[in-house]
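Undergrad: Okay, here's what each chain looks like letter by letter:
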Amino acid sequence: MTTTDEMYLKVRAVGEKLKCQCESQCSYTVAGCNMLHCSFRGKVNPEIKAAIEAGLQPEAIIEKLIAKFGSALRTEPQAEGFGLFGWAMPFAALLAGLIIAPVVVLRWRAKHPTAVPAQAGGDVLAKYRDQIEKEVDELE
Amino acid sequence: MENLGYLALVLALCVSGYAIVAAVVGKLRGNPFLEVSSQRAVVSAWLLITTASGLLLYDIFTDDFRLSFVAGKSNADLPTVYKFAVWWGGQEGSLLFWTWILATYSFVAVYTGRRRHRDMIAYVVAIMMSVQAFFLLLVVFVANPFQVLMAGPQITSLPDGNGLNPLLQNPYMAIHPPMLYLGFVGFTVPFAFAMASLITRQPGDRWIRTTRVWTMITWLFQGVGVLLGAKWAYVVLGWGGYWGWDPVENASLLPWITATAFLHSVMMQEKKGMMKMWNIVLISATFFLCIFGTMMTRSGLVSSVHAFARSPIGDYFVWFLVLGIGATIFLILNRLDYLRSENQLDSVLSRESSFLFNNVILLASCFAVLWGTLFPVISEAATNEKISVGPPFFNKVNIPIALVLLLLTGVGPLFAWRRTSLDSLRRNFQWPALAALVLGVALVVAGMRHFYAVVCFVLCLFVAITIVMEFHRGGRVIQRKQGNSYPGALVELTHRNTRRYGGYLVHMAVVLMFVGFAGAAFNQVGQADLAVGDVLRQGEYEFHLKDITEDDNGNYASTAAVVELRRDGELLDVMRPEQRFYHASRQTTTNVAIRFGMDEDVYLVYAGTSNDGQTPVIQVYINPLVNWIWLGAFVMVLGTLVALIPNKVRQAPLKPKVVNAVPEGGEAPAVLTKS
Numbered sequence: 068m069t070t071t072d073e074m075y076l077k078v079r080a081v082g083e084k085l086k087c088q089c090e091s092q093c094s095y096t097v098a099g100c101n102m103l104h105c106s107f108r109g110k111v112n113p114e115i116k117a118a119i120e121a122g123l124q125p126e127a128i129i130e131k132l133i134a135k136f137g138s139a140l141r142t143e144p145q146a147e148g149f150g151l152f153g154w155a156m157p158f159a160a161l162l163a164g165l166i167i168a169p170v171v172v173l174r175w176r177a178k179h180p181t182a183v184p185a186q187a188g189g190d191v192l193a194k195y196r197d198q199i200e201k202e203v204d205e206l207e
Numbered sequence: 222m223e224n225l226g227y228l229a230l231v232l233a234l235c236v237s238g239y240a241i242v243a244a245v246v247g248k249l250r251g252n253p254f255l256e257v258s259s260q261r262a263v264v265s266a267w268l269l270i271t272t273a274s275g276l277l278l279y280d281i282f283t284d285d286f287r288l289s290f291v292a293g294k295s296n297a298d299l300p301t302v303y304k305f306a307v308w309w310g311g312q313e314g315s316l317l318f319w320t321w322i323l324a325t326y327s328f329v330a331v332y333t334g335r336r337r338h339r340d341m342i343a344y345v346v347a348i349m350m351s352v353q354a355f356f357l358l359l360v361v362f363v364a365n366p367f368q369v370l371m372a373g374p375q376i377t378s379l380p381d382g383n384g385l386n387p388l389l390q391n392p393y394m395a396i397h398p399p400m401l402y403l404g405f406v407g408f409t410v411p412f413a414f415a416m417a418s419l420i421t422r423q424p425g426d427r428w429i430r431t432t433r434v435w436t437m438i439t440w441l442f443q444g445v446g447v448l449l450g451a452k453w454a455y456v457v458l459g460w461g462g463y464w465g466w467d468p469v470e471n472a473s474l475l476p477w478i479t480a481t482a483f484l485h486s487v488m489m490q491e492k493k494g495m496m497k498m499w500n501i502v503l504i505s506a507t508f509f510l511c512i513f514g515t516m517m518t519r520s521g522l523v524s525s526v527h528a529f530a531r532s533p534i535g536d537y538f539v540w541f542l543v544l545g546i547g548a549t550i551f552l553i554l555n556r557l558d559y560l561r562s563e564n565q566l567d568s569v570l571s572r573e574s575s576f577l578f579n580n581v582i583l584l585a586s587c588f589a590v591l592w593g594t595l596f597p598v599i600s601e602a603a604t605n606e607k608i609s610v611g612p613p614f615f616n617k618v619n620i621p622i623a624l625v626l627l628l629l630t631g632v633g634p635l636f637a638w639r640r641t642s643l644d645s646l647r648r649n650f651q652w653p654a655l656a657a658l659v660l661g662v663a664l665v666v667a668g669m670r671h672f673y674a675v676v677c678f679v680l681c682l683f684v685a686i687t688i689v690m691e692f693h694r695g696g697r698v699i700q701r702k703q704g705n706s707y708p709g710a711l712v713e714l715t716h717r718n719t720r721r722y723g724g725y726l727v728h729m730a731v732v733l734m735f736v737g738f739a740g741a742a743f744n745q746v747g748q749a750d751l752a753v754g755d756v757l758r759q760g761e762y763e764f765h766l767k768d769i770t771e772d773d774n775g776n777y778a779s780t781a782a783v784v785e786l787r788r789d790g791e792l793l794d795v796m797r798p799e800q801r802f803y804h805a806s807r808q809t810t811t812n813v814a815i816r817f818g819m820d821e822d823v824y825l826v827y828a829g830t831s832n833d834g835q836t837p838v839i840q841v842y843i844n845p846l847v848n849w850i851w852l853g854a855f856v857m858v859l860g861t862l863v864a865l866i867p868n869k870v871r872q873a874p875l876k877p878k879v880v881n882a883v884p885e886g887g888e889a890p891a892v893l894t895k896s
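Protein chains in written order, with the working numbering: chain R, 68 to 207; chain P, 222 to 896.
Mixed in with the good hints, there may be bad ones.
[Said to hold, decoys possible] Heads up, simulated DSS-like pairs for lysine-lysine below, C-alpha to C-alpha not over 30 Å straight-line:
hint, chain 1, residue 1, chain 2, residue 2
1, R, K135, R, K116
2, R, K77, P, K869
3, P, K869, R, K110
4, P, K617, R, K131
5, P, K617, R, K84
6, P, K767, R, K135
7, P, K607, R, K116
8, R, K135, P, K617
9, P, K607, P, K617
10, R, K116, P, K702
11, P, K607, R, K77
12, R, K116, R, K131
13, P, K607, R, K84
14, R, K131, P, K607
15, R, K110, P, K617
16, P, K617, R, K77
17, P, K702, P, K869
[To be verified] Derived coverage of chain R by chain P (criterion: at least 3 residues anywhere in the stretch with Cβ under 8 Å from a Cβ of chain P; other residues may be distant):
hint, segment
18, 69-82
19, 93-101
20, 134-142
21, 161-167
[What the hints assert, rightly or not] Label-pair distances were calculated between CB atoms; the ranges are:
hint, chain 1, residue 1, chain 2, residue 2, range
22, P, Q835, R, A159, 27 to 37 Å
23, R, P113, P, A603, 46 to 56 Å
24, R, E90, P, I769, 26 to 36 Å
25, P, T770, R, S106, 25 to 35 Å
26, P, V302, R, G122, 38 to 48 Å
27, P, N832, R, A80, 18 to 28 Å
28, P, E785, R, E90, 55 to 65 Å
29, P, E785, R, S106, 53 to 63 Å
Worth flagging that the hints you see were computed from the coordinates, not collected in a lab.
In this text, a Cβ means the ideal position worked out from N, Cα and C, and glycines have one as well.
With the hints as extra help, turn the sequences into a complete structure.
TA: See below:
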């Protein structure tokens with residue numbers, strides 16, 4: 068009975084943090100690329116294995132390989148310089164939306180406040196409104 | 222034959238150009254003959270493009286390898302079903318396919334809407350024919366599918382073709398592109414109606430009511446196309462996953478997201494006369510994202526395993542996008558007065574607000590995907606260094622946004638239009654929230670430590686219960702009033718407001734898909750070199766390699782590993798992952814073997830041979846809950862179809878109507894009646 072080699076899992080874990088550079092222009096990670104003749108995986112995996120055997124930590128292995136093969140190996144921008152801009156923009160856009168949306172809602176509300184009949188008392192109105200909402204909820 | 226095909230395309234281009242001129246001039250000069258003539262030109266163009274498409278198919282099926290396109294994408298031994306897929310398997314053919322679908326849509330849209338929309342159909346014709354003319358320009362002058370490699374009497378025999386890309390020789394790939402194209406191209410129809418409505422200053426929301434069915438069907442095609450692409454990636458690419466955040470995958474997702482936002486926000490315009498400009502912006506964004514996605518796949522702008530070969534075609538798309546977006550922005554700004562909202566908001570706690578937030582989150586998600594996809598290009602332009610972006614970036618950015626969206630899926634529909642009381646919110650949310658909380662605690666106690674997975678399961682239960690409660694409450698009311706059986710009452714309830722309850726079914730589909738997505742947090746992977754007779758243990762499964770078999774069917778030679786799957790000694794399945802060598806293209810691919818289950822898939826890859834070339838390498842993936850995604854896809858189709866069924870009782874909006882004569886010197890009493 069065989070089980071999966073521990074080293075395979077360690078190499079794979081590092082490979083998941085590196086972008087494959089194979090000829091087919093796949094956008095997968097080194098671990099995820101399953102092109103049968105992926106030359107890049109064949110080149111990089113033995114280096115990862117050797118580095119693990121030499122006692123290097125995954126982060127150090129990744130930096131070593133990036134120094135060798137270029138920054139295209141990164142799967143995500145670094146949180147510095149222009150890379151930080153890359154990280155920030157989606158969240159900035161979301162934040163802007165979440166700020167603008169309530170402003171829009173308040174503007175909608177402020178333009179034409181609902182007319183309330185002067186003779187109806189607040190309590191009476193609230194009672195009927197609750198009743199209407201309850202019945203509409205049931206009907207819907 | 223190729224000359225006839227090319228001539229048909231050239232004529233179609235001329236006819237499309239004529240249709241544009243005739244429609245606009247006819248409208249501006251009030252000449253109905255020219256307008257009708259432009260509509261007939263739409264049919265003529267369709268006939269010509271259909272003729273060209275038929276001729277190309279004839280060339281493909283008769284193995285006419287004199288044609289560059291046929292020789293490059295087909296071969297004699299290619300199975301018949303995949304010969305059909307050759308049509309969209311390469312740049313030139315797929316552009317013609319795009320054009321043919323657009324011509325068909327134009328034909329149907331113009332001929333079903335020409336009487337109801339007499340006042341704006343001329344501009345619909347002009348806009349749709351402009352898009353069609355652009356694609357015809359491409360197939361006539363840039364990517365001609367009838368390009369001849371060799372001709373002349375001295376040619377007595379032809380070499381076999383290069384064959385269709387092996388990865389495309391799969392049933393899912395035979396149907397995935399047509400579905401996606403039906404979606405991509407289909408958004409031209411609501412866009413054309415929206416623009417025509419703006420040009421002619423149509424009052425109200427007629428264009429939305431007219432194009433609602435178009436938009437929903439197109440949205441469905443697009444959604445099914447995206448999911449079929451994911452399924453194809455899962456069963457063909459052999460990496461154990463279904464979504465790799467590849468630029469081309471992202472390109473198919475972007476317009477679907479904006480279309481989803483549009484489908485929600487149009488309800489605001491229909492019911493309250495609000496968000497008119499926003500809806501125009503959304504449908505325009507959806508249309509231009511479809512064109513942008515088409516460009517990304519074909520121009521080499523971004524690297525992708527799914528893209529067509531690099532070509533100069535991207536420049537033409539850039540010009541089309543610049544001109545189209547410029548004209549659209551000008552038109553919107555020019556018609557701002559007409560796009561002002563009619564109604565205003567009564568309360569912050571209302572369905573209107575929830576739709577607005579739903580739109581914000583959807584668009585944030587769309588922007589995040591677009592930003593990540595283009596960031597390598599942007600960074601290279603800005604810093605001369607291409608900063609690559611892979612799945613980890615997309616997952617980190619999009620998972621939190623998607624979870625908020627999932628929460629809104631459950632919360633949004635429970636808000637009432639105009640105003641929701643806190644008491645009503647408490648009534649609607651207390652049981653779902655309590656059940657979700659209990660599940661969350663139970664999962665953590667049971668040892669689940671993956672934060673996003675726990676949150677996702679909790680939200681899925683919350684949303685599922687809110688949906689079930691909506692059906693249950695409505696069903697009980699009808700059951701009490703009409704004495705139906707409970708299932709009969711649910712059917713009656715759905716039939717009374719198909720759009721609403723169909724929408725709930727689509728929301729339930731979203732829940733099912735998110736359950737499937739969350740399962741990915743618990744994927745297992747294993748690999749071993751196995752000689753015949755060896756056994757690999759992974760999790761609770763044992764994989765016994767029993768044999769290696771070889772076969773050849775002319776199209777490809779295959780080597781299969783025969784693997785017995787056992788659990789506790791019991792034989793569950795015999796799986797046969799393969800490696801295939803395609804003769805024509807001289808490419809080797811893997812063909813995975815999958816044992817599907819609602820709890821988990823067992824996914825086997827014959828990943829080649831060990832370094833010494835002697836021992837087969839078997840890769841194993843245990844993927845929990847993946848099938849919930851495909852189940853969700855079926856429910857999404859069901860829900861959309863339900864929403865397309867007309868209501869049993871037509872819901873007419875309440876309109877003021879004078880029912881009594883005006884008393885002398887008094888005010889006219891107006892009452893709300895259905896009219």
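Undergrad: Any hints from earlier that this structure breaks? Give me their numbers in increasing order, please.
TA: 2, 3, 6, 10, 22, 23, 26, 28, 29
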